[in-house]
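Asks: Chain by chain, the residues:
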Amino acid sequence: MSGAVTEVALEQARQRRRLWMTSGPGLFWIVLFLLIPSLVLLGIAFMSADDYGAPILPLSLQPFQQVAGFSLLGWDAGNISILLRSLQQAGIATLVSAVLSYPLVFFILSRPEPIRPLLLLFIVLPSWTNQVVRTYAWLELLGPNAPLTWVAHHLHLVAPDLGIAPGSFAVTTGLAYNYLPYMIVPLYASAEKLDWTLVEAGRDLYASGAKLFFHTVFPQTLPGLLSGVIFVAIPAFGDYVVPQLLGGDKALMIGSLIANQFTETPDWPYGAALTLIMLVVTGLGLVAFRVLSRRLGGAEEASI
Amino acid sequence: MIPRNVRRALAGFSWPIYVLLYTPLALVAWYSFAPAPHTQGLSVYAYGVMLHDHSVFAALRRSLILAIGSAIISTVLGVLLGYGLSRFRTPGAKGVLANMPSLIIYTPIIMPSLVFGISELIFFNFVHRFTGLLGAGLGTMMIAHITFQVPYVTLTVFARLAGLDQNLFDAAHDLYANGLKSFWHLIVPVVQPAIIGGFLLGITLSIDDFTISFFTAGPGSVTLPIYIYGAIARKGVTPEINAIGTLMIGAVILLAVLHFIITRHRARGAELAAKGTI
Amino acid sequence: MSSTLAIAGTEAQTGARGAISLSGITRIFAGTIPAVDHIDLEIKAGEFFTLLGPSGCGKTTLLRMIAGFETPDEGRILISGREMQSVPAHERPVNTVFQSYALFPHLDVEQNIGFGLRMRGVKSAERKQRVDAIMEMMQIGAFAKRKAAQLSGGQRQRVALARALVNEPEVVLLDEPLSALDAKLRAELQIELLRMQKRLGMTFIFVTHDQHEALVMSDRMAVMSKGRIQQIGPVLDVYERPRNVFVAEFLGLSNIWQITPISDHEAETPLGRLTISEMLPAARMAMIRPEKIWLYSEDAAPYGRPNQFFGIIREAIYMGAATQYRVEVGENKFVLAYDTNNQAAERSWRPGEKIVVELKPENIMLIEP
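Protein chains in written order, with the working numbering: chain P, 1 to 304; chain Y, 1001 to 1278; chain X, 2001 to 2369.
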């Protein structure tokens, strides 16, 4: 008996050794170069800054006071409004991409099966080009003297000597453009599995138009929509390139604010505290969203 | 399933969106053929300027080294990791401990790239200050790129292995293949499409990235995206920038079409063979 | 194996090439209920042995432990007299045919069959010769260059079998290899499998949940339930003389009653008093197979024999070669009878007809609960 028991123990040890031999290097890499650095970053948020903005002891909560808007000059609502603007931009971009995605996804599904992958590829393709290139490309449409700006001038939507970019509208457009595929792909995956007999049953029971859509199609594609919302909202909220290139000073988002603390006017503890707050807001959003989606019954696929 | 009038409406809505998706990119290409100074009409003047700019070539070389190098290393790490996670379980591990590997893998995917880039910046800075190693440059960029690619390669390989008949592994052992032999003669050939796919995905992710590169780069490691970003910040969009942008867009489109044709061709071949024989 | 050889001594038996001996084999998965519970089993060399049982009875786990894919928590496995506990799967002299066939998707038929030989380092000339020979024997040479995805179910099955046999293992393990095929192909391959086994003389251990398949193919079989062997023996014995209620019900249809013995040859049953040839004072249950029940029209019942009852046909299910009857032999007392539709059969009955049923004393078997 004891021989067999050690045999089982040996087998378990063998399994463990193989697991570590194969998974070890990759896991070690991610822990060393991602988890530890993020913990360091979070730690810096609780330190003081020296004259050059580098972190020094003692520990301090001053970075968080700075985040809340307190400084030597008194309180300022700037940071709060930047946070709110970032949330608003991410929200609108998510909404726009969701609204665009439904017709696009069903358009692809209405085409013959062999060409569907191609149609999907053409949606995803722009997002494979470099972030900077595909973002500055919008300056060609929205910048001063660009075609759409010219149209906007004639409609008196923009002052004559300015472009649509830089500005909030350009940022929203850029974010939606950048992250549209992140909405389309999960939505397509769930729409592809759609049970059309339910739609037919709905039609058979006298539903039509919007009613038919919201009672038969929408519930079935909800899991895809919910994952899409997460995939778009999180990166859009923390985006750096789009507000930098298309936003200008008045459309500053939290990403640029954080980056500034590490580049132009260094203040690492302040930047780290901002990052922490951003992560907390993202996390809270995720949790709230999970609760919401579970209540809506689409929780499983939304959890990635 | 979709009524004809609805299909028509969908098409009427969608084709303009497709056009809109490519309009900005097309304009980049269009403006890259801007007339040479003191002339009129289209010209390849901007391309000429670009070709004589040594810093562009240096940046291109670094971008290629970064993309290919990081994709190779992350493919090796990701294939091993995906294989290990799909085949072996930690005996006795429960709850958080058992889910630890997947938590570790998902973190880089969920974490905003700005946060990741800044964490790396600080980490490399500290390590450099205390050990003299990991000074900001192509090396640190490489490390960062590998880190965010590994999870994607891992998941690609994992998905392929999880979709296989689990008896295949037993069958290999049954047919006298030990662990190493079954890895070479079964796992590697079977996941080969996933390995190639993971590698191409790694390259694509590396080419796509700006934010993480920006924060991990050093003064001597300007890559193409950083070069473009810097140039726009200094003097706005110029025809030369558009020329570089056009080439980058063209390269990605070419890669994608090539990949599509290869996979299509392979799928078509298998389909035909199957039809012809049964 | 004839019975005279069996007397020659178990030592010689268990040591023979292809013989298997299991003692005290136990396997407990994460929970606490053993999947396989202290199983002792001797399988003779060259035997076609079947493990029969419902899904979840532990038969596949037992097979996987013999193959080396699972490690028993307790017990010993001997193959050809050699201890197997510390021998990994790839060094055991056994080969497996999987339910899903498990053909390697990246290799063609020829390469699939040659995989084992290649892994063992057999030279390519010899490998080719052996692979060609087995492909010819299995009549699959025409598909040699096809991938698994391009084969039909029956072809895949043949390739999987060839892939195991080409290695000339001492024991071939078959895990429900025919369960994915349609009925006709299945019957064909059953015969082919049997023929192959007799020709090559290897030990075959065959796992199935299909009692009909087990009856057709095996020399001996073990009926398993809840990780234990319920009965083991030659097919005929197990079917004709089931040891307990589970075996009786799992292997075909049966009439089963609780009984109270009252004399050497008589017992009280829900049907009434029955004469039973073999009687034990401690017996609690008895059974009779439906095809062992005789049916007569009222005026044709033989006179003066025990265990005859008047009855009314309540249900007649015509099944081609035979008809299955449900006969009411008293208020809410039924027996199930099975009558072949051959020419000698008196006639077939319709629901509502009055008949006489006879349960011959020698056909009634005592069983354990």
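Calculated directly from the structure, the hints in this document are not laboratory data. Glycine included, every Cβ here is placed at the ideal spot set by N, Cα and C. Hints should not be assumed to be uniformly reliable.
[Stated by the list, open to error] In the PhoX-like style, the derived pairs of lysine-lysine whose C-alpha atoms are separated by at most 25 Å in a straight line are:
#, chain 1, residue 1, chain 2, residue 2
1, X, K2292, X, K2226
2, X, K2123, Y, K1181
3, X, K2198, X, K2226
4, Y, K1181, X, K2128
5, Y, K1181, P, K250
6, X, K2292, X, K2354
7, X, K2147, X, K2123
8, X, K2145, Y, K1181
9, X, K2044, X, K2184
10, Y, K1181, X, K2147
11, X, K2147, X, K2128
12, X, K2333, X, K2354
13, X, K2123, X, K2145
14, X, K2333, X, K2292
15, X, K2128, X, K2145
[As the list claims (entries may be wrong)] Here are some, though not all, of the chain X residues that point toward chain Y, as calculated from beta-carbon distances under 10 Å:
#, residue
16, E2091
17, R2092
18, P2105
19, D2175
20, A2183
Asks: What are the numbers of the hints that this structure violates, sorted from low to high?
Replies: Those not satisfied are hints 1, 3, 5, 9, 20.
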